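Place chain U on chain H using the hints.
Letter by letter, the chains look like this.
There are 2 protein chains.
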Amino acid sequence: MKTIINPDPKTFKSLLSRPQNSEREMEKVVAEIFQEVKKKGDAAVRSYTALFDGVQLETIQVSKEILETATVPKKLQSAIQIAKQNIEAFHRAQNTAPIKVETMPGVQCWQEKKPIEKVGLYIPGGTAPLFSSILMLAIPAQIAGCSEIVLCTPPNSEGEINPAILYCARVCGITKVFKVGGIQAIAAMTYGTESIPAVYKLFGPGNQYVTAAKQYATRQGVAIDMPAGPSELLVCADDSANASFIASDMLSQAEHGADSQVILVTTSQTLSAEVQTEIDLQLNALARKSIAEQALENSKTIIVDSKEEAVQIINFYAPEHLILVSEDEPYYLSKIVNAGSVFLGNYTPESAGDYASGTNHTLPTNGYAKQYSGVTLDSFMKTMSFQKISKQGLEKLGETIEIMAAAEGLFAHKNAVSLRLKSQNDE
Amino acid sequence: MKTIINPDPKTFKSLLSRPQNSEREMEKVVAEIFQEVKKKGDAAVRSYTALFDGVQLETIQVSKEILETATVPKKLQSAIQIAKQNIEAFHRAQNTAPIKVETMPGVQCWQEKKPIEKVGLYIPGGTAPLFSSILMLAIPAQIAGCSEIVLCTPPNSEGEINPAILYCARVCGITKVFKVGGIQAIAAMTYGTESIPAVYKLFGPGNQYVTAAKQYATRQGVAIDMPAGPSELLVCADDSANASFIASDMLSQAEHGADSQVILVTTSQTLSAEVQTEIDLQLNALARKSIAEQALENSKTIIVDSKEEAVQIINFYAPEHLILVSEDEPYYLSKIVNAGSVFLGNYTPESAGDYASGTNHTLPTNGYAKQYSGVTLDSFMKTMSFQKISKQGLEKLGETIEIMAAAEGLFAHKNAVSLRLKSQNDE
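Respectively, the protein sequence lines represent chains H and U.
One point on numbering: in numbering that gives the first Met the number 0, the residue at position 105 of the first sequence is 104, and numbering is uninterrupted.
One point on numbering: in numbering that gives the first Met the number 0, the residue at position 308 of the second sequence is 307, and numbering is uninterrupted.
Just chain H, with the same shape it has in the complex (with noise of 0.2 Å):
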């Protein structure tokens, strides 16, 4: 970990760059899967299957047998119980009332949120099954009230899924599992084919080959939770931080990916100290310890003199996960604008966002907190406008709508009101 000292703002865009992705070189091939799923349907998922997986799948779908009997140990279901609790109680509380505005006397205007009808769900296979994000887009769309919620999500090379993984699309009560990964899997999603159903909005973490995919599907008319880039927490601490926890939480950021980018901004040199000797002790110990080690590598740590300068780098990094741990809360709650998710206080590691909370870990990196949500229980749902006009309303709108009409040169916007005010002065 580099350590930079007081950094010139003019600096920031290249101090504070993350780490590239080549998304752009993928679409041909994406562009190529794409074409071929929606000519082929299931035929072509297969075949990717088979190339990628290295498996050949008979049926597409999890079985509902396979599905309803797929089980965790007793611990991990009780853990799996109280997250899922957690998530929904955060998430129901999201859910608000229609707002209904009487702009003038007879001109009722109101907005009314509904469920996206047909959302599809991308869970990562690997090594380590993330079952997790499961809990995190399931638990929203149900509430949200999405009619028809489907799930893919890679096989191994035994055609299988991790049973943590059906597990808890079980307890979400998603119904339609589909065997299918990567690029194929988005496709599919796409289009649809004779298995799999097509969504209008797709949701989940993946690879650089999903990411890119997700792009490609918005331009063919679906809609994606957000763009994506590798994790990234940025710490904010000062003295009353703990430097061995301060480490932990880096240390976890960094041992999701080799892309993963971690950023300590702190103003006390002691601290900073501490935490890269707790950060070299604690990395030992750690299983995913060489993909931890190239992500620190892209990790850097800011000493700045004061509380002005952390803010003006967090709100210019714009990180997914920031931790902030300083004896003056308030200011800095009251400065950050740029954040997917905070943390707040020595007691309040990322990894609890990351499952238990309640808040939502999927959230928006590569400083897109700057302009996109993480997801919410809006992501699952669209706003439509209403209104209704009395005839006495619109006596009264009808003569600045004509006007305005008017100006803009559409004289048959301005007909439909001057007939009916007509009307009713015949009337």
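Honestly, the hints are just simulated from the structure, not real lab data.
In silico DSBU-like links for lysine-lysine, alpha-carbon gap of 35 Å or less:
no. : chain 1 : residue 1 : chain 2 : residue 2
1   : U       : Lys175    : U       : Lys37
2   : U       : Lys387    : U       : Lys117
3   : U       : Lys63     : U       : Lys39
4   : U       : Lys112    : H       : Lys112
5   : H       : Lys390    : H       : Lys99
6   : U       : Lys113    : H       : Lys99
7   : U       : Lys387    : U       : Lys99
8   : H       : Lys387    : U       : Lys9
9   : U       : Lys175    : U       : Lys83
10  : H       : Lys99     : H       : Lys334
11  : U       : Lys74     : H       : Lys421
12  : U       : Lys9      : H       : Lys38
13  : U       : Lys73     : U       : Lys288
14  : U       : Lys390    : H       : Lys74
15  : H       : Lys38     : U       : Lys1
16  : H       : Lys112    : H       : Lys390
17  : H       : Lys99     : H       : Lys117
18  : H       : Lys83     : H       : Lys113
19  : H       : Lys117    : U       : Lys306
20  : H       : Lys117    : U       : Lys334
21  : U       : Lys99     : H       : Lys117
22  : H       : Lys37     : U       : Lys27
23  : H       : Lys390    : U       : Lys306
24  : U       : Lys83     : H       : Lys99
25  : H       : Lys9      : U       : Lys63
26  : U       : Lys83     : H       : Lys387
27  : U       : Lys99     : H       : Lys74
This structure is a prediction, so every number in the text was calculated from the model and none was measured.
What follows is chain U alone, placed relative to chain H:
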């Protein structure tokens, strides 16, 4: 207009297909202009403005003096004022309180909305100056609290901007107006130039070039309001509807552009015939008759036997605008899930929402109402989540996190909790 009676749902896809746009073919020219603007900044903007708008600009920004003295006739001023008040009232009501939940004792989770700091508004030029779009975008941007609002709109061949556009910008408190249109405007707001600030999110309507440019901008890290397509209206009406009013609404949609689309779905053969007669009658009086006539060629009347079938068609088509005039309004309101903005009853013309009822006229076209919201206050904000866990809270939640992290093979995630729990026990 073609008339179809009781179509088979299997034919919906072709029956309800929209006029194609050829966005993808423009990608080469978009990429080239973006590249030039990125490299050469203002110089590139100036040279494209000379090429496309036929005017050599000295300064790109509209001067303070011009902006502050721009005016429109008194009557239009009052109309704009009324529209502004209604739009403000409806969008201010969308400001919701932060959501806070203690998911477990000592585990506080909350969610706050923060303004997107830098936003860019695009307003097309052309024969009809769409000043109403400024109200629809600048008002929610101001209510959200966006700190930098940039407006780009193309100049005429004299290098000037229509005074109605400048007047609306001023009354909405916009101080940065730039005389730039088309692809080069979107590129300038994406990368920033010497004159034009880079923004985080782009809003506003535009022709196919602007649409393609906005799509391209999303791959450069900038968000957009929504993907766009030609404007469209579906009218669902029964015998309680006034045929003359319906015809006037259909024509007001049709005059937007030759690629606009209008669909009438009705349970009444009588109404269908009457509307057709009224359209023929009213069409002749229109200034934009030839545009409307072309749009009507993309348009259809669909006669159905039942409300159930009508709802099926509406939800399949997912219209940008839906006018609903029915004796059984509650039935439709309970069943419709896919529509941008809904206009209810005989006295609610679409033009009311286009200008002045208070709802936003920036709406999802092209079937995107299935998964995208129109512009709301939320479009100018993003959601941040927060959590703060006490020592006692972590004692309760810690084991859950440890078990789940271990099951996902992420032992540094587990360790971030274990360390903290252990330190508590040590105290």
